[in-house]
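Number of protein chains: 4
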Amino acid sequence: MVGGGEGAFIGDIHRAAARLDGVIDLVCGAFSSDAGNSYRTGVRLGLSPARVYADWQTLLEREAALPAGARMEFVSIVTPNDLHLPVAVRALESGFHVLSEKPATRTLGEARLLAQAVAEHRRCYAMTHTYLGYPMIAEARARILEGSIGTVRRVNVSYVQGWLASSVETSGNKQAQWRTDPQRAGAGGCVADIGVHAFNLAEYVTGLDVTQLCASLGASLPGRKLDDDAAAFLRFRNGARGMLTASQIATGEANDLSIHVYGATGGLAWSHGDPNALQLLGSDGTAQTLRAGTQLNALHPATLEFCRTPIGHPEGFLEAFANLYRAFAADVRAPGASAGRVGRSPATIDAALRGMAFIDAMVRSNESGQRWMELTADS
Amino acid sequence: MVGGGEGAFIGDIHRAAARLDGVIDLVCGAFSSDAGNSYRTGVRLGLSPARVYADWQTLLEREAALPAGARMEFVSIVTPNDLHLPVAVRALESGFHVLSEKPATRTLGEARLLAQAVAEHRRCYAMTHTYLGYPMIAEARARILEGSIGTVRRVNVSYVQGWLASSVETSGNKQAQWRTDPQRAGAGGCVADIGVHAFNLAEYVTGLDVTQLCASLGASLPGRKLDDDAAAFLRFRNGARGMLTASQIATGEANDLSIHVYGATGGLAWSHGDPNALQLLGSDGTAQTLRAGTQLNALHPATLEFCRTPIGHPEGFLEAFANLYRAFAADVRAPGASAGRVGRSPATIDAALRGMAFIDAMVRSNESGQRWMELTADS
Amino acid sequence: MVGGGEGAFIGDIHRAAARLDGVIDLVCGAFSSDAGNSYRTGVRLGLSPARVYADWQTLLEREAALPAGARMEFVSIVTPNDLHLPVAVRALESGFHVLSEKPATRTLGEARLLAQAVAEHRRCYAMTHTYLGYPMIAEARARILEGSIGTVRRVNVSYVQGWLASSVETSGNKQAQWRTDPQRAGAGGCVADIGVHAFNLAEYVTGLDVTQLCASLGASLPGRKLDDDAAAFLRFRNGARGMLTASQIATGEANDLSIHVYGATGGLAWSHGDPNALQLLGSDGTAQTLRAGTQLNALHPATLEFCRTPIGHPEGFLEAFANLYRAFAADVRAPGASAGRVGRSPATIDAALRGMAFIDAMVRSNESGQRWMELTADS
Amino acid sequence: MVGGGEGAFIGDIHRAAARLDGVIDLVCGAFSSDAGNSYRTGVRLGLSPARVYADWQTLLEREAALPAGARMEFVSIVTPNDLHLPVAVRALESGFHVLSEKPATRTLGEARLLAQAVAEHRRCYAMTHTYLGYPMIAEARARILEGSIGTVRRVNVSYVQGWLASSVETSGNKQAQWRTDPQRAGAGGCVADIGVHAFNLAEYVTGLDVTQLCASLGASLPGRKLDDDAAAFLRFRNGARGMLTASQIATGEANDLSIHVYGATGGLAWSHGDPNALQLLGSDGTAQTLRAGTQLNALHPATLEFCRTPIGHPEGFLEAFANLYRAFAADVRAPGASAGRVGRSPATIDAALRGMAFIDAMVRSNESGQRWMELTADS
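Chains A, B, C and D are the protein sequences, given in the same order. Using the working numbering, you'd call the opening residue of the first sequence number 1 and step up by one each time. Using the working numbering, you'd call the opening residue of the second sequence number 1 and step up by one each time. Using the working numbering, you'd call the opening residue of the third sequence number 1 and step up by one each time. Using the working numbering, you'd call the opening residue of the fourth sequence number 1 and step up by one each time.
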């Protein structure tokens, strides 16, 4: 693991998720750009001191030098955004598979470099787009792809939270510091931090690419350099229309991601507030609620694969995360594992490119005074 | 009453709402452009045959000719949009107060004529913007105006329904026929039918004017001439940013209007799905739910005035409507009742003008390829 | 109307409900045992002074003396419980149909006298068991009777509120005063005030009689003479088991009535908190939500008859009440209207007898130290 | 670990929960009474074959014979109920701490033997009463103990599910087989399987002992020997009244545990359907929702200790379970760890005794025809 030392938010979550199913062991780490922090973290986690490294370069070098059965299987990147590209590329070059936090990189240009490296070194690459790990998201996708709501016409996706409603970046909040700093976060603030989750979810659930968007971004607090609030009109490949909202100044909201998809013959709704439920909206005014859980015939196999407990026993964020870790572990252990193979991970290099193209188009559309921008990952 | 004959949707609702509190009697009507329909409706409603009229012109003429104590107090206009202006203007000219369905007119130009007539004849004019009649909307407004969530920064308002998800206008649905016909509905379809409710709610609850908008409208079904799906970025007078969604092709949604307002120190959420509740979102992660009902000290006087039952006894759409009728009756009976006086009706000629300016700006912004349009009622 | 003067809670609700559909006019009243109160109320309501009476005896005598077309059609009794029997019996004797508040009388013995009078004078008698007026209760009953959840096995019904959690009866609350006074309220407190609603709902929705019960009642505040908190095990005719909870000391609850019915093949849930919804629980882990509203094929005709607005436009307590008034009006106007005829009113003299038998059995079971009591209306 | 082999339900859940925080390693096991099953399970879990045992007796003997640093720290018992006592007693005798599934034993008599063994051998003993591991249950308890709802007056607790609504025990369902078999499950069916969870939750959250109960149990399906449906009136030490419902024939319910506590000045509600929320009900008609999550000042320290993710990132059943494992690990590793010390585990030998006293009293009250039974763990 690279990143996730003391003071980091997401490191412990990654580690718990990786551990949950007993199929992945944390064997080494460079947990911080501060070597002391890295060692303290490694010790706390019970790692062999020999495999706690002072920096990520050393980690990659030393692990690559270990015999095949002894070195790590893949690297998990949980650093701030500015390190995503260099760590990933060097890891791929060193022969390691890569599981990375989102956004894939800081810019679309970086994402293209990443894609080249993945293609060249033929290693697995996937991202922890957490929400794709929820069982009912798998179910939503399966239902839409099999046509149960007809042609998709409208998609509303919204991700709102309130933790940047005050200037926490100036009062010692480490998370807020790097996320509001263009050098470390990249061109997008809220757009890159949570907007890309909403975008990714919309494309994944519908199975449709967004081809164009028109966006409006804002920075609500004095002195804030990156957007903390964003909205966009979306146009999908099949002509469907969409609306995306992402805000980090939605005071009083915790972490509210929701998606509504309306097709010609039905609708579908999911919210992170009750992630184990999926609403199927009928054109006759009735709604059906499906619930996650094993031992139910009503769910698709891909959904059941993401469930560990029977219906009525809620699973949550860590389990969704764990599903992504488990899927990636299966991918890297599959015979002939490489980037070219479609595996179980729901977000791979294509999602990385599309996510960065989204952030890029959002920023450009906003700068242009709300012009429509094509959303394409091609250079 | 003008309109609301056989086959109409909203006539019975207006009449029930008017009756509910026992302070308004229906005394006369021209219920349809078809005289037979008008008479049958009048008879069914138990009106004196002498006061059921063949057309609205006759109604206004004959009622105006009655002695002061014998003629109707005000006229309620519940026709399709194309008649709103002519009936209202003639009624004002004839000395009658006017309570009108929304949208006020077909176009912004018509609304300006209406405003002139209101000013000239100094009669009361109000609109049945139903949702302003809900007690918790009054509470939301009062809370925001007193500063309980701080400076408003973001407003998300959404009104989605699915009844136009198929081509019902070609299969005999009278409501769908006129609402999708530019000659009768005006320049906006979904925008004028429900979008204006969402807009009106956003301005009313926040107490802030929308100064600019950037809109995207769509007609989702083949051959449909007016929009059935709309979205807009909003900019409010104080710089707050907003998002408005209105759709009539949201398959499976019944009539889902909701508003979220986020300020510097708190948030607030209301949904038509549970209209008797108001959520106050705290910046500390807690939320408070207020419920409508008499005998509660926690609510503002304006809210309590809109409640008929104790907490826990739900009131609904008809009661919200009835609150508007009761408010308008109080306005017209107040000493010196006239258009110039601020009364109890929450939506008067100013809201009429602003609503039409909204529709106008939405259509223009869409036609311009999503340019920002100023939203002003001034000619 | 008898009762419902100044200071009464339920009078205005009855009157609004009666007015709502425009098929019932309030023509006369004796609104209070205080003649001044009665007259003031009558004047406020716009009644002809000649038909506002000083007491109920005078009302019945004078109205009966009017010519057939001029006198009231039926009497609505909204007094405290102690007057239910004398007013109803005298009204029936005078040839009037009777619509009465619940509970029917103070004791089971009184209810038997009432039943005799109904049978003897062959007039219509019905009760305003409000919750039976909700559309989705009609739907629940229809679904169960047609077998959609299989044989009913368990019924949980609960009605909780908190308004008696402090000694409001000693601080001037008129409602609390008579409801906690055995002379006026009868043998049951909470049991008679709300428990009987829960009981009545359970029998109505399931179509099954409760044959036995075992109850535990409590008076939670010092000096309170009647129960304010009650619970019971129920046994239904078909062997199904039930649980009834009723409490008026459930601090923080407003008026929360809910019912869950579990059958061999499905379940069903309804709550007053969202009265326009009915949940159908499938044995496969899915749930279906039905919503009240016109223009939906999925609902039974009896349900649609109780709806005034399209799906998504909430109706509430007043509309449920109005449905009972409208049904009773239809009953008394039907050719050959009499007690012997099955009409539209969901709660007639049989429900009156069973409700009083319930209260009687609850009190006796509690006094016996939780013995099972047969619940029968026969003397 | 003893139990949890192929075909078991709860074994994998225990193991995932134990793993989640990285502080507990599974080192050995006797996973089934079938040696082959035990070995296959151990291999699947990656255990050293030397520490997978053919039966629990061998496990305890061999592990006890290992050097102090090499043997297991504690044993987790996840077998059917009939083995709880023998395994636990032998483990305690062998010097091991014991974490056991509920119910503690098959009978109250067995529980007393267990308590003697715990006292004699001075080892830690705790139970995985899962629901006590939810953060908002800790919060509910803390709020009540600090007096925020005043004196508790009424407690309603309900645990309903539908998986025994058909005769699954005769169609190969292993879970259903032993749970409906008095020899393996003990004297209670539903009462011992889920009723005891509801009871335990009620006592834990209120901090009050149940002193008496009056119960009604039923077996709804032909040939079923143990109860599948239960209800009880409860009386708490302070005079508060309670109602407990537990049913496994509630068709369509998944796993719905909820508790409502009403005090003199406020109320409180929690439901497993949304386990990360706690409702505080105010006597003024407002309700406040608290949500689990780190970084919130509004929650008690004991609550925060049970949270791994920020507010808005749902945790669930596995995390609740993991909290119990983590607490027990802390207890056994505390200096001077023994049964006599109050540690972090919320359910220890006292809860074991009280739970079995509850089951015993439920069965006896039912057999007596609903007499009140004292609930005491003393012999």
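Hints listed in this document are in silico derivations from the structure and should not be mistaken for laboratory results. Glycine included, every Cβ here is placed at the ideal spot set by N, Cα and C. Check each hint, because a few of them may be wrong.
Only some residues are given here: those of chain A computed to face chain B with a beta carbon under 10 Å [claimed, not checked]: (1) 172; (2) 176; (3) 177; (4) 181; (5) 184; (6) 232; (7) 247; (8) 252; (9) 264; (10) 268.
Hints, verified against the model:
Here the hint on residue 172/A is broken, as its CB sits about 18 Å from the closest CB of chain B, past 10 Å. Nearest Cβ of chain B to the Cβ of residue 176/A: about 15 Å, over the 10 Å cut. The hint is violated. This hint is violated: residue 177/A has a C-beta 20 Å from the nearest C-beta of chain B, more than the 10 Å allowed. Hint status for residue 181/A relative to chain B: violated, with the closest Cβ pair at about 22 Å, above 10 Å.
Hint status for residue 184/A: violated, given a least beta-carbon distance of 25 Å to chain B, over 10 Å. The interface hint given for residue 232/A holds, since its Cβ lies 9 Å from the closest Cβ of chain B, which is under the 10 Å cut-off. Evaluation of the residue 247/A hint against chain B yields a held restraint, the C-beta minimum of about 6 Å falling below 10 Å. With a least beta-carbon distance of about 2 Å to chain B, the hint placing residue 252/A at the interface is held under the 10 Å criterion.
For the restraint placing residue 264/A at the interface with chain B, the shortest Cβ-Cβ distance is roughly 7 Å, inside the 10 Å limit, so the hint holds. Interface hint status for residue 268/A: upheld, as the beta-carbon distance to the closest one in chain B is roughly 8 Å, under 10 Å.
Violated hints for the displayed structure, listed by number in ascending order: 1, 2, 3, 4, 5.
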